[in-house]
Amino acid sequence: MKQFLVNRDGQVSLAATIVSWGLVALLVCAVFSFAFSELRYGWNWNAIWQYRQKFVQGWLMTVAISAAALLVSLLLGLLTALARRSALLPLRYLSMLYVESVRGTPLLVQILILFYVVANAFGVDNRYLVGVLTLSLFAGAYLSEMIRSGIESIRDSQLESARAIGLTRAQTYRYVIFPQVVRQLVPPLTGQFASIIKDSSLLSIIAVSEFTLNAQEVNAFTYSTLESYLPLAAGYLLLTLPISLASRALERRFHYAT
Amino acid sequence: MRLEFRAIGKAFGELQALRDVTLNVAEFQSLAIIGPSGGGKTTLLRIIAGLETPETGQLSIDGQRLDFSEASLLLHRRSIGTVFQAYNLFPHLTARQNVMLPLVKVHDVAVGEARAIVDSLFERFQLSAHADRHPAELSGGQQQRVAIVRAIAIKPRFLIFDEPTSALDPEMTAEVLDFIAELRADGRNLIIVTHNMGFAREVSDHCLFIADGRVLEEGRSSELFSRPQNPLLVNFLAKVLRY
Ligand SMILES: Nc1ncnc2c1ncn2[C@@H]1O[C@H](COP(=O)(O)OP(=O)(O)OP(=O)(O)O)[C@@H](O)[C@H]1O
Ligand SMILES: [Mg+2]
Numbered sequence: 001m002k003q004f005l006v007n008r009d010g011q012v013s014l015a016a017t018i019v020s021w022g023l024v025a026l027l028v029c030a031v032f033s034f035a036f037s038e039l040r041y042g043w044n045w046n047a048i049w050q051y052r053q054k055f056v057q058g059w060l061m062t063v064a065i066s067a068a069a070l071l072v073s074l075l076l077g078l079l080t081a082l083a084r085r086s087a088l089l090p091l092r093y094l095s096m097l098y099v100e101s102v103r104g105t106p107l108l109v110q111i112l113i114l115f116y117v118v119a120n121a122f123g124v125d126n127r128y129l130v131g132v133l134t135l136s137l138f139a140g141a142y143l144s145e146m147i148r149s150g151i152e153s154i155r156d157s158q159l160e161s162a163r164a165i166g167l168t169r170a171q172t173y174r175y176v177i178f179p180q181v182v183r184q185l186v187p188p189l190t191g192q193f194a195s196i197i198k199d200s201s202l203l204s205i206i207a208v209s210e211f212t213l214n215a216q217e218v219n220a221f222t223y224s225t226l227e228s229y230l231p232l233a234a235g236y237l238l239l240t241l242p243i244s245l246a247s248r249a250l251e252r253r254f255h256y257a258t
Numbered sequence: 259m260r261l262e263f264r265a266i267g268k269a270f271g272e273l274q275a276l277r278d279v280t281l282n283v284a285e286f287q288s289l290a291i292i293g294p295s296g297g298g299k300t301t302l303l304r305i306i307a308g309l310e311t312p313e314t315g316q317l318s319i320d321g322q323r324l325d326f327s328e329a330s331l332l333l334h335r336r337s338i339g340t341v342f343q344a345y346n347l348f349p350h351l352t353a354r355q356n357v358m359l360p361l362v363k364v365h366d367v368a369v370g371e372a373r374a375i376v377d378s379l380f381e382r383f384q385l386s387a388h389a390d391r392h393p394a395e396l397s398g399g400q401q402q403r404v405a406i407v408r409a410i411a412i413k414p415r416f417l418i419f420d421e422p423t424s425a426l427d428p429e430m431t432a433e434v435l436d437f438i439a440e441l442r443a444d445g446r447n448l449i450i451v452t453h454n455m456g457f458a459r460e461v462s463d464h465c466l467f468i469a470d471g472r473v474l475e476e477g478r479s480s481e482l483f484s485r486p487q488n489p490l491l492v493n494f495l496a497k498v499l500r501y
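Chains A and B supply the protein sequences, listed in that same order. At position 52 of the first sequence the residue is numbered 52 (the working numbering), and the sequence of numbers has no breaks. Add 258 to a position in the second sequence, counting from 1, and you land on the number used in the working numbering.
For the record, the hints were derived by calculation from the structure and aren't laboratory data. Some hints here could point you the wrong way.
[Unchecked claim] Quick list of simulated restraints, FRET-style, between CB atoms:
1. A:Val182 with B:Leu332: 24 to 30 Å
2. A:Val124 with B:Ala425: 29 to 35 Å
3. B:Glu429 with A:Met96: 37 to 43 Å
4. B:Thr311 with A:Arg155: 34 to 40 Å
5. B:Asp366 with A:Leu250: 30 to 36 Å
6. A:Tyr116 with B:Asp366: 51 to 57 Å
7. B:Asp366 with A:Arg253: 50 to 56 Å
8. B:Ala425 with A:Glu100: 55 to 61 Å
9. B:Asp366 with A:Ser157: 43 to 49 Å
10. A:Tyr116 with B:Leu332: 38 to 44 Å
11. B:Ala329 with A:Tyr116: 16 to 22 Å
12. B:Glu429 with A:Leu237: 55 to 61 Å
13. B:Asp320 with A:Thr168: 51 to 57 Å
14. A:Ser157 with B:Glu429: 52 to 58 Å
Don't be surprised by glycine CBs; every beta carbon is placed ideally from N, CA and C.
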């Protein structure tokens, strides 16, 4: 029994790990097979199999949209974090307004307003472009705060040392601030990427044919609700699980005492 | 080296940290600045280091007037070595990388050459074993010695120390003070703020006593410590030397 308790050093044996995971899997399976058996559901996987291309295309579209949004949001987060620290007051306030209004409203509302009002007014009708931009704008606000707090966590004494050895402001960012901020940022950044992937499902409301919308369509064609949505859940996990594992590995690798 | 202060004044809001400091410090190799806490020692040192600009007045170093524009202050800072009380090193870089950074990025020394310079300095000052460690893995005394090596690696015109041992325990203090004494023996120019009167007396040939934003006494260290004139200095020394 003692093998199943984690001791002070956090050491566990391989056997205990495997058996414990087995127990967890057993429990989850028991709960869900009971739930599904109570449902008396007539499974029809054949109908779904015909639409497998649609799942694959939707999944790939979700990956593409999320990757693009991650890049753009990173750039946006960086620029607004720097703007927030700028000496120019209007720039500071613009960045503040952006961060606070985006973080204070639901993504769904932002998508609707940006697509039906803003994009419409500017004559942009590419819903994929609007989708990526909206997602970027949303995630960028969160990243901006992460980057800003990362920059601000660098002690004044380091900035003073940087000045004393004669680094310029740009060099100070390049060699002192950013390397440390990047290390700090890796875990929350991977978390943010996982969020973007999940949040991109909301783009289905403006008919971006990503993973969720495609699953909804398959459901509409086949009337096989569970068969449409179970692969959907699995498809998202397939993306988010490795990201969360990679995040932990990176966190360990970048760890150094300060 | 020589220093000339002309009507230097510096205020932080209401607080007048330096009041109209006017003084010619005659030729010295090593200058100690002493005085009670809050007297303005750090402020004066930071002006000499090009880290702070006075509101009024002029400063000449070796007959050269310092231009307080940011561009020339940057060049000025690059030509001298400054060591603070603590946290001089960048935590994400190893000891060697910390010393190489200004050499390579500020002084355009090739990486291979910079490495050779650092290795020979570490060798000389018994730091080789710690070259690949991050600051967090070094003792406070080792960190300060690495910081001093970083300051001398660039061949500075002179070195500035602001209480380099006040954050250290006595044993580490000795190791750092020995290092500074060695630099003096090498003939380097030093300006040092310290609360350690024994050390100030030993390492400096000239001394300034600063209190309440004014230089109240200055002179050869041998004179100033054995025959202090200003009553505040007499008082200060009596108080400090009591322990
Ligand atoms: N950046 C600052 N902002 C506000 N006040 C400051 C600043 N730097 C120094 N002062 C004030 O100026 C006065 C002189 O400070 P300074 O640090 O030069 O004294 P010091 O002689 O170095 O003292 P200590 O021995 O405690 O280091 C002090 O009253 C201090 O509080
Ligand atoms: Mg001080």
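Looking only at beta-carbon atoms, does the pair Asp366 (chain B), Leu250 (chain A) fall within the given range of 30 to 36 Å? Taking Cβ atoms as reference, Asp366 (chain B) and Leu250 (chain A) lie about 34 Å apart, which means the hint holds.
Distance restraint evaluation - Val182 (chain A), Leu332 (chain B), Cβ atoms, bounds 24 to 30 Å: For Val182 (chain A) and Leu332 (chain B) the Cβ distance comes to about 26 Å; the hint holds.
Verdict for Val124 (chain A), Ala425 (chain B) (Cβ pair) under range 29 to 35 Å: The hinted range 29 to 35 Å is violated for Val124 (chain A) and Ala425 (chain B), with Cβ atoms some 58 Å apart.
Quick check on a hinted range of 38 to 44 Å for Tyr116 (chain A) and Leu332 (chain B), using CB atoms only. Hint violated: Cβ distance 52 Å, outside 38 to 44 Å.
Assessment of proposed distance window 51 to 57 Å (beta carbons of Asp320 (chain B), Thr168 (chain A)): At roughly 25 Å between Cβ atoms, Thr168 (chain A) and Asp320 (chain B) fall outside 51 to 57 Å, so the hint is violated.
16 to 22 Å was suggested as the range; check whether the CB atoms of Ala329 (chain B) and Tyr116 (chain A) agree with it. violated (52 Å)
Glu429 (chain B) paired with Met96 (chain A), Cβ distance criterion 37 to 43 Å: violated (50 Å)
Distance restraint hint 50 to 56 Å, applied to the beta-carbon atoms of Asp366 (chain B) and Arg253 (chain A): violated (32 Å)
When you take the CB atoms of Thr311 (chain B) and Arg155 (chain A), is the distance between them in 34 to 40 Å? Check failed, 23 Å falls outside 34 to 40 Å.
Measuring from beta carbon to beta carbon, are Asp366 (chain B) and Ser157 (chain A) in 43 to 49 Å? Violated, at about 26 Å.
Quick one: are Ser157 (chain A) and Glu429 (chain B) within 52 to 58 Å, going by C-beta? Violated, since Ser157 (chain A) and Glu429 (chain B) (Cβ atoms, about 23 Å apart) do not stay within the stated range.
Outcome for the supplied range 55 to 61 Å, where the beta carbon pair is Glu429 (chain B) and Leu237 (chain A): holds (57 Å)
The structure fails hints 2, 3, 4, 7, 8, 9, 10, 11, 13, 14 (numbered hints given earlier, in ascending order).
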